[in-house]
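Protein chains: 4
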Amino acid sequence: MSEKKENEDLHYDTYLRLDSFLECQIPQSLKLGGQLVHDEHLFITTHQAFELWFKQILVEIDSVREMFHHEFEVVESKMLYIVRRLGRVAAIFKLIIEQFHILETMTPIDYMDFRYYLKPASGFQSLQFRCLENKLGVVEDLRRYKDAYKDEFIDEKSKTILAESINSPSLADLVEKWLENIPVLNDHGFDILQSYKNAFLKWTKDTILDPAMNERDAKRKEKMMTEYNKQADIIDVMFEDVDKKTEHRRMSSKALTGALMISLYREEPRFNQPFQMLTLLKEVDSLMAKWRDTHVSMVHRMIGQKPGVGYCSSGYLYLRSTCSDNYAIFPDLINMPTYLMPRVYYPQLPETLKQKLAFAHNSQT
Amino acid sequence: MSEKKENEDLHYDTYLRLDSFLECQIPQSLKLGGQLVHDEHLFITTHQAFELWFKQILVEIDSVREMFHHEFEVVESKMLYIVRRLGRVAAIFKLIIEQFHILETMTPIDYMDFRYYLKPASGFQSLQFRCLENKLGVVEDLRRYKDAYKDEFIDEKSKTILAESINSPSLADLVEKWLENIPVLNDHGFDILQSYKNAFLKWTKDTILDPAMNERDAKRKEKMMTEYNKQADIIDVMFEDVDKKTEHRRMSSKALTGALMISLYREEPRFNQPFQMLTLLKEVDSLMAKWRDTHVSMVHRMIGQKPGVGYCSSGYLYLRSTCSDNYAIFPDLINMPTYLMPRVYYPQLPETLKQKLAFAHNSQT
Amino acid sequence: MSEKKENEDLHYDTYLRLDSFLECQIPQSLKLGGQLVHDEHLFITTHQAFELWFKQILVEIDSVREMFHHEFEVVESKMLYIVRRLGRVAAIFKLIIEQFHILETMTPIDYMDFRYYLKPASGFQSLQFRCLENKLGVVEDLRRYKDAYKDEFIDEKSKTILAESINSPSLADLVEKWLENIPVLNDHGFDILQSYKNAFLKWTKDTILDPAMNERDAKRKEKMMTEYNKQADIIDVMFEDVDKKTEHRRMSSKALTGALMISLYREEPRFNQPFQMLTLLKEVDSLMAKWRDTHVSMVHRMIGQKPGVGYCSSGYLYLRSTCSDNYAIFPDLINMPTYLMPRVYYPQLPETLKQKLAFAHNSQT
Amino acid sequence: MSEKKENEDLHYDTYLRLDSFLECQIPQSLKLGGQLVHDEHLFITTHQAFELWFKQILVEIDSVREMFHHEFEVVESKMLYIVRRLGRVAAIFKLIIEQFHILETMTPIDYMDFRYYLKPASGFQSLQFRCLENKLGVVEDLRRYKDAYKDEFIDEKSKTILAESINSPSLADLVEKWLENIPVLNDHGFDILQSYKNAFLKWTKDTILDPAMNERDAKRKEKMMTEYNKQADIIDVMFEDVDKKTEHRRMSSKALTGALMISLYREEPRFNQPFQMLTLLKEVDSLMAKWRDTHVSMVHRMIGQKPGVGYCSSGYLYLRSTCSDNYAIFPDLINMPTYLMPRVYYPQLPETLKQKLAFAHNSQT
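Protein chains in written order, with my numbering: chain S, -11 to 353; chain Z, -11 to 353; chain E, -11 to 353; chain H, -11 to 353.
Accuracy of the hints is not assured; some may be wrong.
Copies of the same chain are indistinguishable here, so a pair counts whether it falls within one copy or spans any two.
For lysine-lysine, the following DSBU-like pairs were computed, each having C-alpha atoms within a straight-line distance of at most 30 Å [claimed, not checked]:
(1) Lys211 <-> Lys147
(2) Lys193 <-> Lys209
(3) Lys66 <-> Lys19
(4) Lys165 <-> Lys82
(5) Lys209 <-> Lys107
(6) Lys147 <-> Lys207
The set of hints was computed from the structure by calculation and includes no laboratory data.
Only chain S is shown next, with the shape it has when bound in the complex (with noise of 0.2 Å):
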């Protein structure tokens, strides 16, 4: 750690790259059209600082999920900085969503003067995006554009990444096989996943089953009944195993069943990490469809209803179909609360279950 000879002279600016790094704005309008269009500069500004933060996101993730490729427990020792660097990519993604503020202080009329320069180049043809995606866990089937977006990048290299950022595991898979793992599920004598349903039916009963048997106007009892049908289907349905992946159900009903674990004892020493990253999963996973609405409806802003510049996309419509929940990396961990319920008809943990979750000077092995 002693201070390297080699390294006496090390200036910000060598550090930093800064002359390649501020070398790389180079306005179309200037190079094809021989005149500067002022705010094109704003323009690649902009889009390389989206990149530069993507890259940032990238390293988070690829380090977070690099972490999860280990047993249940080592992960668990990592934990403090798993939810850490869930943190930092959610205040990324909280800066890079405002910082379309910024690419609107120009407005359609000056974005025209350069446009066309442009062509076909498209925001469509960002690797890292469609890398950010994949590592994240956007599912392949899901997408609106399965093939075609692949098609937009052709040297060997580009491929090769994409190729790898779709076939490794995702941050979602990874999170999935973790929860499975959760050693206390169906121990100890405890089926959390039977005993939540008895309290959910219990629940439903106290305050939907019970009220309508006393009530007297017909047709609001009949209204009752069915929502009370409903709710008692919902909860078997929410947990079935799926063979496909869609827009609300993806995890397998273990995993699931270790989330609602989690959630539920969230008190537990060891599931108050646990608890905090299953927080920021969600979190990403609603900033990431946050910078997805907020980036459509710039574009919206910019080109009306015109097509893409690329010959790839159709602009404006294209993304807006993205904006869905077809894009969500963790719809069963955001649609959880549909089947939750107020907290005093939770079942309650075995008393040697809780030790398991304890520390280690309160226990009384």
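Given the coordinates of chain S, work out where chains Z, E and H should sit on it, guided by the hints.
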């Protein structure tokens, strides 16, 4: 302006009515359940903060609407205030969009502990939000629950306030009327719309038709011809008067021509501020949409696919349906880029007309 | 948890007490001058929004302080909530710092039109802000107007509330006491402070003293020796107990040692959440300071160097004086990096101690 | 404007030079220590993002400065662009202030693990930041390390760029010159400064002197008289020309009078946009100060009171010293509220002068 004696003892608390103001946070969980659920206080605070800012936005929008209730040149003389107040409305919207981040520090599990105490109250019942929609210019016929939403307001006072918001001219109405009256439209023998259409056709010819003529690849040529024909139609369609307001078209052809004129010739002194105004109107429209998007995303995370607490709404899915262009305020302005073209093709303003748009000291009359 | 009959008609407006809440905005310009100055409404709204959020922060801080009123391990079991509520406080501070941007849409010229109607009311008289300072842990003796600030509160109720905020243990007090009680300090024959000091000296020797010994340039050598001696002193100074709280030192040596221990060994399960807590305490402290900075900057732009409206304050210059480390809450934590060193130098935890910090299932006892 | 053949294959990656751009993130910890310290990547990314946006701000400020290099009326005709570009600069500053939140997701402990690899590079060496200060108008003589800061730049290219930024007229210089040339100053027999002084004295008499005369309490009366005398002096002092630029006064009396005139009569058409410009200049100034405040706070949290890594700076304490009015750009504009008074006291504009400030179509000449 002298200091009034009777004011001698004005205290910060008295001025802000903090005694009443800070006593309006009364949790239902405490009242009905006998025990405060901690996070309900946050829930109340956040909603009150929304209502407080909605009121401020209404104050600003009302003042802007009032300024538009005059003849063209009087409005013009107040343009600085219109621009500044719209800028303030945009700033407030940005803040209250951020505000959702705070509500999101509450997890669904915590919400479930007091949610049922609130039944059947619902955000669907915010009078100020409805007034805001109406005063900006949401079109009654394009609402998803055109009549149902009114049924939420039962007392006479609320009904009157709501009716007034529907019946008085909206900001969108007033802006439209003002744009129709730009005095230089069709003036001085200069028909801006016809000139623009001609220029647009020339641009389309230069950049699509001519290259198509020289294209040897038949398939590619056909594609280009299709695009050319589509473009040639677009400008007529976009400027047609509509019988019935739709998600894409609202403004009269004349008003839209006025908006186009301001945009193209924004450098003329008289159009400087109106151009800023048009830009801000679009920004407010986008921000209102962003508020809806963020709201629906928060609701989704909080209740999943549970129905809304009130009997009036289906929760997430209803809210999702309001995130559409049906609820846009200025779709014609937002869509204007569809038929914009590069600046070099703009028709030139006649010199006499330029004079009309100049400052007095530059005028040679 | 069944739905209460008496609640049947709860309406959004009733729940939020909007009738009273939205009637608290009463401009003085209208009352005294007979004519509303438009921007006064914004002025009132913004200040009320601050007070609304101050109340929420107080609710959160009070709940956290309440949780600290228990013995060490009980506090530990609530750490998830402490962390989440401090995170919420940070989120609220971020929002209300942004909120100044809205007030800044009012220009000084507009403010002048109603400013004199407000005399002698002043932001100096915000009771909640004073309580917030006191409950977080601003030190009475380090305040600029130690007694004067209390004179602003005349009625008995306010006086009592203020006194209670001064006399009850602040968050800083409670955190200090908790840190002193980390059970593993000086336990198991491991004296963390002494071990750390030794390691720090070794690091200093390796990176400054040894290179100095090999340095031939006399002047440079002297400079390095000075630096070495300074560094060697620093760690003693930083951990001395202080008789009197200063801008730099507040905590007991023992508490500070506890904080250091948590920071160094944050990866041990029992320290995961306490580490997050320490990080958030520093963040809240920084954000409070940032709120002050932003406030003073806004005041400066609004009134220049005019004295404050109340007789109590000298306006900009007074506020400027509160933007100092005297008003910091956790200066010891903020200054901890002064004596941090790279991880490789950290003393190693004895295995028996590591066991005490582990989860039960990993414990081999 | 036709689509160029040679551009046919433009790809998003090529346009943005992503190949070079995304290879500029090279951690020293990997290079020197042989092992990547995870958080160094974030450190690099954040600093590069700052530099990227600094470059964009420089592009905007340079373009604004260029527009000011013309005679008064030419500048006036470009006012829409000046206003919009300053608005963009403000938007960028808001973003990069937010950006610190991201760096703050790195804890001091993590920073310590790579900090020593960076020695002696330092943020003190950012050429673009120095250019930005100089081009906006930081005064060389008011800098804390007037000459030392230049010594950081050793190569000829950097030296030349820095010298150019010092020697060419700053934005503050150019704005001052423009304000001096407002044609209607001292025109038409209307001496605005003298008229304003008279009005100010009348206001002071009405609101302080007259009430003092009627005051029976001697002590109170004396206090009021002191205040009266102070106020009566203030306006003279504020408008005196200064020999040497100070933290409070920079602009010539004539320029300041121009700024006052624009502010008072902002409703006249010709002053609409200049008023917006003055408001934005103050906002940019405040935001630059806020960037410094936020930076110093981040540095404090990251290194405590450790000295800076470069030999050039003393870290936190040096940075703290730059958070002062010495580094302000437009102190005269920021301080203008000191001598503002309520609108009813403003001197009335002569009708002939009003004509000069009107639009042509309203002119009766």
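Structure-based check of all given hints:
no. : hint              : verdict
1   : Lys211 <-> Lys147 : between (55 Å within a copy, 28 Å between copies)
2   : Lys193 <-> Lys209 : within (14 Å within a copy, 68 Å between copies)
3   : Lys66 <-> Lys19   : between (50 Å within a copy, 26 Å between copies)
4   : Lys165 <-> Lys82  : within (28 Å within a copy, 36 Å between copies)
5   : Lys209 <-> Lys107 : between (63 Å within a copy, 18 Å between copies)
6   : Lys147 <-> Lys207 : between (61 Å within a copy, 28 Å between copies)
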